[in-house]
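Asker: All chains, full assembly: derive it from the sequences and hints.
As you go down the protein sequences, you meet chains A and B in turn. Mapped onto the numbering used here, the consecutive letters of the first sequence carry residue numbers 1 to 291. Mapped onto the numbering used here, the consecutive letters of the second sequence carry residue numbers 1 to 311.
These aren't lab readings, by the way, just hints derived from the structure by calculation. All of these numbers come straight from a predicted model, not from anything done at the bench. Beta carbons: idealized from backbone N, C-alpha and C, even for Gly. Some hints here could point you the wrong way.
What the hints assert, rightly or not - Sample of chain A residues facing chain B (criterion: CB under 10 Å; computed from the structure): (1) V19; (2) I94; (3) N106; (4) A161; (5) C191; (6) F245; (7) L270.
Read off the chains here:
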Amino acid sequence: MFKQKRVNEINQKTSQQTVFKVGFVIMLGVILVFALFPLLWIVLTSVKTQRDLFALPPLFIFQPTLKHWHTVLIESEFLHYYRNSLVISGSTLIVVMVVATMAAYNLARSQYAYKIRENIAFFILSQRMMPPVAIILPVYVLFSRIRMLDRLETLILMNVAFNLPLSIWMIRGFLESLSVEIEEAAIVDGCSRLGAFIRVGLPQMLPGLLSAALLVFIYTINEFFFALILSGTRSRPVSVAVQLFLPTGVRGTLFGEAAVASILIMLPSLIFAMFMQRYLVTGISLGAVKG
Amino acid sequence: MDSQFNTYPSEVGVMLWPGRLLSKIVNLVKPYLLIMPAMLILAGVIIYPLIFSLSKSLTDFNLGMPGEVFIGLKNYITALNDQGFRESLGVSVLFSLCSTGLGLALGFGTALLLQRDFIGKRLLTILIILPMMVTPVAVGIIWLLMFQPDFSIINGLLGLIGINGPIWLQNKWSARIAVIVADVWQWTPFFTLILLGGLLSLPAAVIESAKVDGASGFQLLRYIKVPMMKSLILVVLLIRLIDSFKTFDSIFIMTNGGPGSATEVLSLHIYRSGLPFMNISYASAMSYLFLIILIVTTTLLIRQLRRAENV
Chain A
1 MFKQKRVNEI NQKTSQQTVF KVGFVIMLGV ILVFALFPLL WIVLTSVKTQ RDLFALPPLF
61 IFQPTLKHWH TVLIESEFLH YYRNSLVISG STLIVVMVVA TMAAYNLARS QYAYKIRENI
121 AFFILSQRMM PPVAIILPVY VLFSRIRMLD RLETLILMNV AFNLPLSIWM IRGFLESLSV
181 EIEEAAIVDG CSRLGAFIRV GLPQMLPGLL SAALLVFIYT INEFFFALIL SGTRSRPVSV
241 AVQLFLPTGV RGTLFGEAAV ASILIMLPSL IFAMFMQRYL VTGISLGAVK G
Chain B
1 MDSQFNTYPS EVGVMLWPGR LLSKIVNLVK PYLLIMPAML ILAGVIIYPL IFSLSKSLTD
61 FNLGMPGEVF IGLKNYITAL NDQGFRESLG VSVLFSLCST GLGLALGFGT ALLLQRDFIG
121 KRLLTILIIL PMMVTPVAVG IIWLLMFQPD FSIINGLLGL IGINGPIWLQ NKWSARIAVI
181 VADVWQWTPF FTLILLGGLL SLPAAVIESA KVDGASGFQL LRYIKVPMMK SLILVVLLIR
241 LIDSFKTFDS IFIMTNGGPG SATEVLSLHI YRSGLPFMNI SYASAMSYLF LIILIVTTTL
301 LIRQLRRAEN V
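Answerer: Spelled out as structure tokens, the structure:
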């Protein structure tokens with residue numbers, strides 16, 4: 001009698017658990033579909049023929065075509081714009097990392113008054129809040145006066161300025177978590193201060209630097225607003241060039257081409273995100289919590 | 001020989017004088033030397049333009065017309081009375097609140113699901129956070145294609161369950177929903193990522209003892225996990241509220257503020273009224289108002305955050 005009751009109880013519990021598990025899997029599935037379906041759809045769109053694009057109900061199985069890819073990669077100047085993007089992000093990355101590491105080292109290690117240091121750090125971080133649209137009009141006027149519009153250098157400068165705050169803040173956090181003693185030991189052993197930092201400090205915080213660099217690269221290659229206003233035919237990066245293929249653009253309904261272009265734009269960040277997920281997570285959480 | 005000896009000290013003094021001044025300057029600047037490049041870049045690219053636009057916002061400066069006259073706060077008053085400015089402020093607030101609220105709810109839910117261990121969790125986490133890495137311009141294109149009237153996949157799917165979807169981007173409210181959906185899609189993973197980190201770093205002992213005391217899953221969430229993560233939740237909310245208030249790219253691509261000005265957030269409104277007409281002074285005044293709104297909101301939220309941390 002008692003045993004029977006116990007068995008019933010256990011049965012009920014396991015069936016509850018099964019229901020729970022099924023619900024769990026279904027919810028995860030819904031979230032996964034919500035996250036990935038748009039990406040899948042854009043890939044499908046990029047290989048559909050013009051006729052399949054307009055099929056109703058929407059097609060999931062069809063004869064794929066590479067026509068749109070051919071149009072974008074071979075027939076248009078898309079790759080030229082891509083080169084601009086890479087030049088801009090590469091240069092921005094290098095400048096930001098050097099300047100930000102210097103500034104962060106200063107903020108973390110220098111001996112001058114704590115209060116001044118905190119004020120400078122706060123000033124730098126507060127720049128992260130700055131809405132680009134508040135800067136762009138005066139910048140446009142000023143740069144047009146010194147004939148700096150439509151140049152790669154201008155876009156690099158803007159991106160450097162807008163990526164510095166977060167990078168300085170992140171690198172400062174990494175520097176403060178290092179132990180100074182090892183570097184001091186190296187100095188006692190005859191290293192210069194700079195030498196000690198490069199040989200001992202830098203290698204320790206390499207993962208941190210890598211995640212900061214990764215974020216700078218992704219932000220810069222994704223940057224659209226400054227490029228939209230400050231670039232022209234000579235310096236146009238790919239994020240702005242993609243407008244040429246927009247359905248609302250002058251060339252009419254180029255849905256397939258727009259899909260190809262958007263895949264090509266997001267490819268670098270997606271690849272980085274996949275392969276360096278660990279570093280990226282460090283960077284984002286640190287940037288978020290500290291910022 | 002003799003005269004040489006006599007003149008020696010004074011000559012050295014003359015030679016040293018500028019040197020001493022220089023070394024004084026060097027000593028004064030030296031502690032800040034490493035931070036100088038960063039400060040100079042920020043001053044040149046952000047602070048100087050800000051001052052420039054502040055001074056221009058008090059005039060009737062216009063790129064199309066030569067000459068400028070000081071007109072005081074007239075631009076600011078015009079902007080505050082301008083129907084378009086007020087409407088776009090409303091759109092911005094609506095957009096930020098909706099997308100941040102939905103993002104938080106969805107992101108927290110996802111974080112709770114990902115908190116437990118199961119096979120393939122690592123891969124699943126990477127896949128779920130992918131949208132966050134997508135270029136905002138590409139987000140705009142993706143959702144523009146998804147919401148297209150001619151072959152809208154969304155209406156196609158809705159049709160399967162018998163709902164006749166609207167022409168999304170051409171109706172006032174459906175266009176607003178569309179841009180919010182795109183933003184939620186992109187930024188939910190951000191909430192997930194940060195809150196998952198927070199959930200995983202909660203002290204296991206507290207959770208265990210609550211479980212032993214017979215707390216149900218919901219009670220655990222309501223009385224233990226959420227209160228313990230309150231300040232982290234507020235930080236994420238703060239970051240996303242500010243960032244979503246500045247959203248430009250995806251809305252610019254999807255609707256360019258349309259139909260009419262239904263999805264014209266503040267950034268878009270300033271951009272659209274500033275650049276095409278070259279009316280820099282008026283647009284500068286508006287962007288200053290934008291800045292003031294941002295600063296006031298942030299300060300209030302940060303104060304709230306401090307209070308939550310102290311309790």
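Asker: Hint by hint, say whether it matches the structure.
Answerer: Hint by hint, here is what the structure shows:
Of the supplied interface hints, the one on A:V19 is violated, with its beta-carbon coming no nearer than about 14 Å to a beta-carbon of chain B, more than 10 Å. Interface hint status for A:I94: violated, as the beta-carbon distance to the closest one in chain B is roughly 13 Å, over 10 Å. Restraint check, A:N106 versus chain B: the minimum CB separation of about 4 Å is within 10 Å; hint holds. At its closest, the beta carbon of A:A161 sits 4 Å from a beta carbon of chain B; the interface hint therefore holds under the 10 Å criterion.
The beta carbon of A:C191 comes no nearer than 18 Å to any beta carbon in chain B, farther than 10 Å, and the hint placing it at the interface is violated. Checking A:F245 against chain B: minimum C-beta separation of about 8 Å stays under 10 Å; hint holds. Below 10 Å, beta-carbon pairs count as interface contacts, and A:L270 has one with chain B at about 5 Å; its hint therefore holds.
Going down the numbered hints, you'll see the structure goes against 1, 2 and 5, while the others check out.
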